[in-house]
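Trainee: One-letter residues, chain by chain:
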Amino acid sequence: MSTAVETTDGAAVAVRAQGLGKRYRAKWALRECTFELPAGRVAALVGANGAGKTTLMTVLAGLLDADEGSAGAAGRVAFVSQEKPVYRTFSAADMLRFGARLNLVWDEARARRWLARFEIPLDRPCGKLSGGQQAQVAFALAIGSRPDVLMLDEPLANLDPLARREVTAELLSEVDETGMTVLLSTHVVAELSGVADHLLLLAHGRLLTGGDLDELLGRHVSYTGPRSEAPPALGGIVEARHTDNQSTFLVELPEGQPRPVVAGPWVERPLTLEDYVLAQLEATRKGARA
Amino acid sequence: MTATTTGVVPVAKRAGVGWGDLAWLTWRQHRWAIAGLVAGAAAVVALALVLVWRVDATGDMQGLFGRWRFISLGSVVMLAPIATGLAIAVFWAAPVLAREYEQRTHLVVWSQDITPTRWLTGKVVLLGVPAVAVAVGVGLAARALVDSINATSDRPVFELFAMPAFEAVPLVQTAYAAFGFALGLAFSAVTRRTVLSMGLTLGAFIGVRVVVAGLWRPNFQTPLFKVEPYDAYRQQWDGPGDGSWVVNSGFSDAAGNEVDYPACSNTVDQAAYAKCMNDNNVLFFTQYHPADRLVPFQLFESAIFLVLAAGLLALAFARVRRARRI
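Chains as they are written, first to last, in the working numbering: chain G, 70 to 359; chain S, 125 to 450.
Same shape as in the complex, but just chain S (with noise of 0.2 Å):
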C-alpha cells in the first residue's frame, strides 16, 4: 500500500439523493431504449404534419407523392396510435425491475443510500412522464392527419367511433400510455424475468385493449334504437354517415323483435327484392350511439385504462416495498 492519504479529494457528504441523481441514472441505464422510441415517436410526427400540410394544400388524398398511395404513408401514421402505448409498455417498462432482479442488481442500487419506493418513484415518473409525453404527441398528431382526411370528402374517411380514430387523441393515448407503462412494471416485479415479462405485457396489453375495444366499449351506454323499411335503410348501406356508430343491426318485425332472413333472395331484381320483404313485413333494425357520445366514450375508456394503471402501479410498488424473497 502506498501512503496516499484520503485527504486529497475530499469525501462528499449531502443531505440526500436528488432527482438529478436519478435522471442520471435512469439515462444512464435506458438510454437506447428511450431513444429509439423517441425517434420512431418523432418520425411519425413528422411524417404526419407533412401529410397533413399535404392534403390541406390540395384537398385531395388519392395521388400522395406520385405512385405512392396514401393508404401505405397514411397507414404507418394512423399505427402509431395503436403502437405507441404497446411499445412502451414492452420496450420501457417491462425490463425496468425485472432486468435488475435477474441481473441482482437491485441489490446493489438498493443497498445504496436510497429506498426501494424512492428509486422505484424515480423511474415511474422519470420514465413515466415522458411516455405519456411521447403518446401526447403521437395522438394529436394522428388527429390532425384524420381532421384533415376527413375534410377532403363529405362521408368521414375515418369514423370517429373506429380505430384508429376513437384511438387518434391525447387522452386516450395518454391513458393507454400511463396503463401500458404500469401493465409491464407489474409484470416485471412479479415474473422477475426479462423476456417473460415482455412477451406477457405484449399479450396483456392487446388482450386487454381487445376486450375493452371490442367487448366494452360498444356497451358503455345503452345502444339507442331504430326500426325502418327497407328502401330507408338501403341508402345508408355503408353506415349513416353522420358520425354515429352502429353497432348492431338486422331483420325485424315492425315492434323491433328479431326475425329470421325472408325467402327473398330468388327475387329478380332490387324492386322485387324489396317489394318481397314489405309483403313479409319485414324491416331493418339498427343499433347505433349518436355522434355526441364520441368524447363521453373516449371519457369513459380512459378512466378504464387510468383506473387499470393505479391498481397495476400500486401492485409493483407493493412488490418492491415488501419483498419476500431477494
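Bound-form chain G, shown alone (with noise of 0.2 Å):
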C-alpha cells in the first residue's frame, strides 16, 4: 500500500495524481491524468470500456508503475480489482485470517458482519461458491482492513440487481461510520445515482472532467425547444441534438455569471447524471471520428 500523505489548501487530499501516464508498448492507456480527490468522498471514475479505468485504478493502488507523473494516496489503500479474485482453495474463514495476518488493522466484527449481511456460508472454499459470493468474499477483506481508501473495479459488474442496490447501500453506510474515501470505476453509470458525490470522467485514457458531481451539474443545463441552430444562452455546447421541429442543447454555463433565465419556447431542465456522463462520452467519440 503506498503512502503519501499530501494535503493542498487546508483540506486533505486522500487520492492525487500529477501528469499521469501509462503505456502498454506504444499505446498509451492513459495521459497527462491530473486530479486531486478530497478526503471523505465517494468518487465514480466513468468511462467507456477500454477507456483506461483499471489503468487508473490499478496505478493509484500501487500495483502498476506509471511511465510518466505520479501518484500517490493518503494513508491505507485497500484495492479490490475486476475479477473480485480470492484464493480458491481457502474458504471465507481462510480468507478472513489472511486479512488479519497480513494487515496492520484489522476488524474482524466488520468483516463478519459484512459476511453475515449476505449470507455466505464461512466454512466452504471460495472455489465452490458462486461468482457473487466470492464477490462478497473479497468485499468482506477490503472492508475488514479498514482502510482509508477503497478503491472499487467494476464493483457490481457480477451482482444481481437487488445483491447490487443492497451492496450500495451497505458501503454508504460503512462510509458514514468509518469516514474513508472510496473511489470506485463502473460504466453503467445508472447505478451511480445518489451514491457518488464526485465524478472522475475519463475517455481514450485522458480526464474529460473531474469534480464534485453537484457543482458539475450545476454548472450544466438542458434546454429543449423550437428547433434552432444555436441554444437560448451563452455557454459551450457540450451536445446538440435535433429533430425536424425540436432542437435539444446541453450547455456548460460560463463560470462565475448568474444563471441565466429562459422563457418563451425553450424549456429548462436540470441535468441528470446520467444525461450529462452520456453526452460527454458522445462527443470524445464524435471527436475521435473527426
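These are computed hints drawn from the structure, not numbers from a lab. Beta carbons: idealized from backbone N, C-alpha and C, even for Gly. Incorrect hints may have been included.
To be verified - Think about it this way: if two alpha-carbon atoms lie no more than 20 Å apart in a straight line, the pair counts; the simulated DMTMM-like pairs of lysine to aspartate or glutamate are: (1) G:197 to G:152; (2) S:137 to G:152; (3) S:137 to G:243; (4) G:197 to S:393.
As the list claims (entries may be wrong) - With beta-carbon atoms standing in for the labels, derived distance ranges: (5) G:341 to S:447: 37 to 43 Å; (6) S:135 to G:335: 36 to 42 Å; (7) G:87 to S:431: 38 to 44 Å; (8) S:372 to G:94: 48 to 54 Å; (9) S:137 to G:193: 25 to 31 Å.
Build the complex from these two chains, which are given one at a time in their own frames, with help from the hints.
Mentor: As C-alpha cells, then:
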C-alpha cells in the first residue's frame, strides 16, 4: 500500500494524480491525468470500456508502475479488482484469517458482519462459491482491513440487481461509519445516482472532467425548444440534438455568472448524471471520429 | 442492519506483518506440495540408511533382500540426487507466482499491508530454505550409500566423477536446489502461466544440467594427457580404477597425435593384435582428470549453479517489483 499524505489549501487530499501516464508498448492507456480527490468522498470513475479505468486504479493502488507523472494516496489503500479474486482453496474464514495476518489494522467484526449480511458460508472453499458470493468475500476482506482509501474496480459487475442495491447501501453506511474515501469505477452510470458525490470522467486514457458532482451538474443545463441552430443562453455546447421541429442543447454555463433565465418556447431541464456522462462520452466519440 | 456495534471484537492494530504470518500463508497455500516432496525425500533417506546398514553389516551388495537386486532399490536412492532439484523447481517454485497471476490473487495479496517484494522475500525464504534442507538431506543419504557400496569392492562401483555419485554431495545438491528454485520462480514471473511455467522449468533444468555435466564439466580444467602402449592400456580396459576420470582416449603416435585405426582387425589373437599395433607404431592416448580434482570440480559446478540461481532470482524480483502490467 502506498502512503503519501498530502494536503493542499488545508483540505485533506485522499488521492492525487499528477500528469499520470501509462502505456502498454507504444499505446498509451492513460495520458496526462491530473486530479485531486478530497478525503471522505465517494468518487465515481466513469468511462467507456477500454477508457483506462482499470489502469488508472491499479496505478493509484500502487500495483502498477506509471510511465510518467506521479500518483499518491493518503494512508492505507485497499483495492478490489474487477475479477474479485479470492484464493479458491481458502474458505471465507481463511480469507478473513488472511486479512488479519497481512494487515496492520484488522476489524474482524466488520468483515464478519459483511459476510453475515450477505449470508456467505464461512467454511466452504471460495472456489465452490458463486461468482457473486466470491465478490462478497473480496468486499469483506477490503472492508475488514479498514482502509483510508477503498478502491473498487467495477464493484457491482457480477451481482444481481438486488445485491447491487444492497451492496451500495452497505458501502455507504460503511463510509458514514468510518469516514473512508471510496473510488469506484463503472461503465454503468445508472448505478451511481445517489451514491457518488464526485466524478472522474475518463475517455481514451484522458481525464475529460472531474470534480464535485453537484457543482458539475449545476454548471450544466439542458434546453429543449423549437428547432434552432443555437441555444437560448450563452455557454459551451456540450451536445446538440435536432429532430425535425425540436432542438435539445446541453450547455456548459460560463463560470462566475448568474444562471440565465430563459423563457418563451424554451424549456429548461435539470441535468441527470446519466445525461451528463453520456453527452460527454458521445462528444469524445464524435471528436475521435472527426 | 442490526444494531451490532463494532466494539465487540476490538480492531486489531500492529506494527508490521511478521514472519509467522508469512509462514502461515505459505503453508496454507503450498501445504500439499511441501508435504509431498518432504515425504518423498524422507522415504528416500530412510531407504538409503537401511541399505547402508545392510551393506555395512554384510559387506555384500549382490543379494540385498533376497531376490531384490541392489540395483532395483539402490537405483531408486541414486535417482534422488538427480531428481530432487528438478522436483523443487517444477512443483515448488514454478507455480508460486504463476498461480497468483493466473487466478489474479496477486492483486489481493499485494493490496494488503505488504509490498510485493516483502511477500516474495517471504516465499523465497520460507520455501527456499526447506528446499535446500531437503536437498542436503538427500545428498547426505545418497553419499553415505555411495561410500558404503564403494567400500565393498577394490574398484569403485560408483565412479565418483560420474553421475550420480558426483551429484550426491550436500554442496552440489544445495546448488541444484537453489538453481531449480530460482529457475522455477523466474519462469513463473515471466510466463504467468502455471502449466507453461512448470513445463519450461522442467525442460530448462534438464537442459542446463545436461549441458553443464556433459559439455562443460569435462573442461572445467584442461585434462591431463598420457600415451601408453597397447599392453599397458589393455590392463585397465574399463578405466584406470584409481578414481580418476577419463574424458577422452584413442589411437595416437608416440608424440600424442591422433591417428587412424590401423588395419589390425583381421589378426588371429590378442598377441598378434598387440604385435600388429606395435609394428605400426600405434599407441594409446588418454585424457583424464586425476582423483584429486574431484572436490574442486564439485565446488566449481556448485558455483556455476549458484551464480545462475542468483541471476534468476534477481530477474524474478525485478519482475515483481516493477510491474509493467497487472
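Trainee: Against each hint, give a clear statement of whether it holds in the structure.
Mentor: Taking the hints in turn, this is what the structure says about them:
Of the supplied pair hints, the one linking residue 197 of chain G and residue 152 of chain G holds, its CA atoms being roughly 16 Å apart against a limit of 20 Å. Our distance criterion of 20 Å between C-alpha atoms is broken by residue 137 of chain S and residue 152 of chain G, whose separation comes to about 29 Å. Using a Cα cut-off of 20 Å, the hinted pair residue 137 of chain S and residue 243 of chain G holds, with the two alpha carbons roughly 19 Å apart. This hinted pair does not check out: residue 197 of chain G and residue 393 of chain S have alpha carbons roughly 78 Å apart, beyond 20 Å.
Restraint check, residue 341 of chain G to residue 447 of chain S: a C-beta distance of roughly 38 Å satisfies the suggested window 37 to 43 Å. Between residue 135 of chain S and residue 335 of chain G the beta carbon distance is about 56 Å. The supplied range of 36 to 42 Å is therefore violated. Between residue 87 of chain G and residue 431 of chain S the Cβ separation comes to about 42 Å, which falls inside the hinted range of 38 to 44 Å. The supplied range of 48 to 54 Å is met by residue 372 of chain S and residue 94 of chain G, whose beta-carbon atoms lie about 50 Å from each other.
Evaluation of the 25 to 31 Å hint for residue 137 of chain S and residue 193 of chain G yields a pass: the beta carbon distance comes to about 30 Å.
Violation of the numbered hints given earlier is confined to hints 2, 4 and 6; the remaining hints are satisfied by the structure.
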